[in-house]
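K.L.:
Residues per chain, in single letters:
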Amino acid sequence: MSKYKMHLLVCGGTGCRASESDLIVENLKKELEEKGLQNEVQVIMTGCFGFCEKGPIVKVMPDNTFYTQVKPEDAPIIVAEHVIKGRKVARLLYTDPTKKEHVSDSKHMGFYRKQIRIALRNCGFINPENIDEYIARDGYMALGKALQEMTPEQVIDLIKKSGLRGRGGAGFPTGLKWEIASKNKADQKYVVCNADEGDPGAFMDRSVLEGDPHSVLEAMAICGYSIGATKGLIYIRAEYPLAIKRLQVALTQAREYGVLGKDIFGTGFDFDIEMRYGAGAFVCGEETALIHSMEGQRGEPTNKPPFPAESGFLGKPSNVNNVETFANVPVIMLKGAEWFSSIGTEKSKGTKVFALAGKINNVGLIEVPMGTTLREVIFEIGGGIKNGKKFKAVQTGGPSGGCLTEKHLDLPIDYDNLVAAGSMMGSGGMIVMDEDDCMVSIAKFFLEFTVEESCGKCSPCRIGNKRLHELLDHITKGKGTMEDLERLKNMSLVIKDTALCGLGQTSPNPVLSTMNNFWDEYVAHVVDKRCPAGQCRDLMQYSINAEKCVGCTACARACPVGAITGERKEPHSINTATCIKCGACFEKCKFNAVVIS
Amino acid sequence: MGKLKSLADLKKIQEEARSKLDLRVKGDNPENYVQIKVAMATCGIASGAKEVMDFLVEELDKRGIGALITQTGCMGYCYAEPTIEVTLPNQEPVVFGYVDLRKADEIIEKYIKNGELVDGIIPVNYEKVD
Numbered sequence: 001m002s003k004y005k006m007h008l009l010v011c012g013g014t015g016c017r018a019s020e021s022d023l024i025v026e027n028l029k030k031e032l033e034e035k036g037l038q039n040e041v042q043v044i045m046t047g048c049f050g051f052c053e054k055g056p057i058v059k060v061m062p063d064n065t066f067y068t069q070v071k072p073e074d075a076p077i078i079v080a081e082h083v084i085k086g087r088k089v090a091r092l093l094y095t096d097p098t099k100k101e102h103v104s105d106s107k108h109m110g111f112y113r114k115q116i117r118i119a120l121r122n123c124g125f126i127n128p129e130n131i132d133e134y135i136a137r138d139g140y141m142a143l144g145k146a147l148q149e150m151t152p153e154q155v156i157d158l159i160k161k162s163g164l165r166g167r168g169g170a171g172f173p174t175g176l177k178w179e180i181a182s183k184n185k186a187d188q189k190y191v192v193c194n195a196d197e198g199d200p201g202a203f204m205d206r207s208v209l210e211g212d213p214h215s216v217l218e219a220m221a222i223c224g225y226s227i228g229a230t231k232g233l234i235y236i237r238a239e240y241p242l243a244i245k246r247l248q249v250a251l252t253q254a255r256e257y258g259v260l261g262k263d264i265f266g267t268g269f270d271f272d273i274e275m276r277y278g279a280g281a282f283v284c285g286e287e288t289a290l291i292h293s294m295e296g297q298r299g300e301p302t303n304k305p306p307f308p309a310e311s312g313f314l315g316k317p318s319n320v321n322n323v324e325t326f327a328n329v330p331v332i333m334l335k336g337a338e339w340f341s342s343i344g345t346e347k348s349k350g351t352k353v354f355a356l357a358g359k360i361n362n363v364g365l366i367e368v369p370m371g372t373t374l375r376e377v378i379f380e381i382g383g384g385i386k387n388g389k390k391f392k393a394v395q396t397g398g399p400s401g402g403c404l405t406e407k408h409l410d411l412p413i414d415y416d417n418l419v420a421a422g423s424m425m426g427s428g429g430m431i432v433m434d435e436d437d438c439m440v441s442i443a444k445f446f447l448e449f450t451v452e453e454s455c456g457k458c459s460p461c462r463i464g465n466k467r468l469h470e471l472l473d474h475i476t477k478g479k480g481t482m483e484d485l486e487r488l489k490n491m492s493l494v495i496k497d498t499a500l501c502g503l504g505q506t507s508p509n510p511v512l513s514t515m516n517n518f519w520d521e522y523v524a525h526v527v528d529k530r531c532p533a534g535q536c537r538d539l540m541q542y543s544i545n546a547e548k549c550v551g552c553t554a555c556a557r558a559c560p561v562g563a564i565t566g567e568r569k570e571p572h573s574i575n576t577a578t579c580i581k582c583g584a585c586f587e588k589c590k591f592n593a594v595v596i597s
Numbered sequence: 001m002g003k004l005k006s007l008a009d010l011k012k013i014q015e016e017a018r019s020k021l022d023l024r025v026k027g028d029n030p031e032n033y034v035q036i037k038v039a040m041a042t043c044g045i046a047s048g049a050k051e052v053m054d055f056l057v058e059e060l061d062k063r064g065i066g067a068l069i070t071q072t073g074c075m076g077y078c079y080a081e082p083t084i085e086v087t088l089p090n091q092e093p094v095v096f097g098y099v100d101l102r103k104a105d106e107i108i109e110k111y112i113k114n115g116e117l118v119d120g121i122i123p124v125n126y127e128k129v130d
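Those protein sequence lines, which keep their order, are chains C and A.
Okay, so the first sequence: first residue is 1 according to this note's numbering, each after it adds one.
Okay, so the second sequence: first residue is 1 according to this note's numbering, each after it adds one.
Hints were generated in silico from the structure; no laboratory data involved.
We treat Cβ as the ideally placed atom computed from N, Cα and C, and that holds for glycine.
Please note that the accuracy of each hint is not assured.
To be verified - Reference listing, derived: stretches of chain C covered by chain A, where coverage requires no fewer than 3 residues with Cβ under 8 Å from a Cβ of chain A: (1) 4 to 18; (2) 61 to 72; (3) 85 to 96; (4) 413 to 425.
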């Protein structure tokens with residue numbers, strides 16, 4: 001077989017597949033075959049490239065041409081122009097939004113320039129369903145090295161020295177966690193991978209599992225060796241079907257090669273992994289609730305201690321780590337603790353994957369060194385705010401985190417800085433908000449989520465969050481008072497102090513941080529009965545500017561409740577008592593005479 | 001391939017797997033490799049650029065030289081096709097004209113291996129905007 005001269009990498013992440021990327025693969029293959037090029041050009045379906053905003057992505061190697069928003073019917077032109085004639089298809093290239101120029105390849109895209117990819121090293125680079133491609137990228141070498149050249153203590157020591165901290169949210173030192181689990185003696189121990197990614201807007205764990213499943217399997221085996229466990233469990237939500245499928249393929253291949261199973265590399269070490277499916281409850285991301293769910297119990301948390309390292313799955317010592325944490329481990333093993341700890345800040349080493357979502361130009365998945373500022377992430381990598389609007393706030397840490405504002409933009413992102421600023425790292429979701437977003441409504445949105453997801457075991461969370469949500473609802477409807485704001489704050493603090501698990505303890509964070517940063521906006525809602533962002537429908541007043549109104553009657557005809565009256569060719573007026581604020585008149589008026597205040 | 005009995009077995013598989021992936025690895029770090037662009041417009045193809053490209057891909061691999069070979073459009077030297085542009089690591093690109101298989105072999109042996117210039121260099125008469 002002659003060597004391939006060109007590789008066409010097509011994104012096979014959930015987002016791009018939803019836009020028919022599998023059909024692109026099919027069409028490209030068909031087209032190449034017709035031209036007799038199937039032995040010269042290889043088409044590979046990879047994991048996520050991160051640039052989900054402009055998916056589906058097709059990347060041509062070795063020249064790094066980066067095609068965006070490719071449709072299945074674009075396959076012939078890519079083959080005819082790029083593959084055969086060597087001319088890039090200009091209309092499919094990424095266009096720089098500020099310079100309005102086509103960018104010829106990914107090396108010149110601002111989106112990638114500031115990124116360092118460790119956890120995502122293979123995403124968008126290898127075929128996740130082919131173990132050989134993972135092995136070509138030093139896959140399972142770290143496991144081999146650990147088993148053949150290191151003692152379990154040395155492995156733990158290396159991870160401790162690297163400074164790796166849990167990427168699931170709280171940032172607990174990973175090496176220390178392993179050490180505690182290793183010291184607890186038992187006839188059976190477990191390594192658990194927490195793939196119950198629940199934050200709205202976060203999808204890094206899913207992308208790692210879809211794009212590079214073997215890195216997680218390898219890391220779990222390394223962890224098993226270091227703590228003395230022979231069984232691994234991956235707890236993943238059933239609503240991630242593609243990630244589950246890729247994991248299953250990876251497990252089968254790993255067992256065939258014997259890198260999982262009995263007597264790995266002839267060292268006598270046994271390790272195998274099973275999957276456990278969750279129903280997608282947010283609280284099951286909490287490690288004790290997760291373990292109960294795996295045992296077939298209700299997904300409810302229990303008090304710690306005992307910690308899972310002491311008494312976890314089936315009462316046995318268990319080490320629970322998040323997907324992204326595991327994905328870092330094989331690289332650290334091979335490149336060393338010094339290399340890893342040279343990246344990042346003093347107390348937060350390495351990189352962090354963030355899922356950019358909301359009102360940002362480049363929605364997608366990025367990985368940056370710890371210590372990168374919010375400004376770099378949002379404006380340089382993220383390409384700034386959509387439609388040229390003004391940046392208002394960014395929610396980090398999902399519903400457990402808080403919002404950060406303009407004054408935090410130059411803050412270097414790490415675990416401790418985010419906590420000090422009143423938010424948290426969380427799993428790495430970043431929801432960007434612009435000037436049109438009402439912060440009271442945002443707090444209400446997150447509370448809605450926690451009320452829905454509260455397991456109901458402890459009363460502060462079950463009842464308290466419901467009350468918080470009611471108060472916020474009142475405020476957005478213009479029925480709030482200054483006393484309500486006081487009550488909101490007090491109740492938030494009580495819930496934080498008394499809730500049983502991380503879910504309840506952090507659920508008031510969005511309320512507290514929006515109150516801290518946008519107090520004036522809360523006051524405007526309760527005192528002036530006004531929503532400065534113009535989002536709270538009940539606080540809006542529609543009126544007609546008599547000077548602009550020409551009396552065309554278009555609005556009166558559009559009004560579903562007959563609230564608009566006026567003679568033909570005379571200025572109309574809106575009866576605010578009957579108006580349901582649907583906005584139909586505003587959309588119909590061609591003279592901008594309908595005013596919202 | 002059955003079960004791997006040792007780290008050495010894994011390394012064996014890796015070697016073979018790497019050769020299938022190295023196009024991507026090189027493309028990811030092009031500055032570390034010899035980069036060759038073959039002009040493959042109508043004029044180039046008619047003059048045999050495709051054969052030259054196949055030759056370069058196979059021979060450089062056989063002779064153990066890490067190189068990144070891509071095709072490009074017409075470079076404007078239609079009179080001297082096939083033309084190729086060779087960029088050695090950390091050096092300015094050099095364009096060669098009238099590259100047939102014999103010439104290609106000479107370029108590999110003399111210029112790429114030893115940095116020795118050979119006949120047929122076309123003085124570059126333009127600048128590229130990066």
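K.L.:
Could you run down the list of hints and mark each one as holding or not?
P.N.:
Verification of the supplied hints:
no.	hint	verdict
1	4 to 18	holds (count 5)
2	61 to 72	holds (count 4)
3	85 to 96	holds (count 3)
4	413 to 425	violated (count 0)
Of the hints listed earlier, the one the structure fails to meet is number 4.
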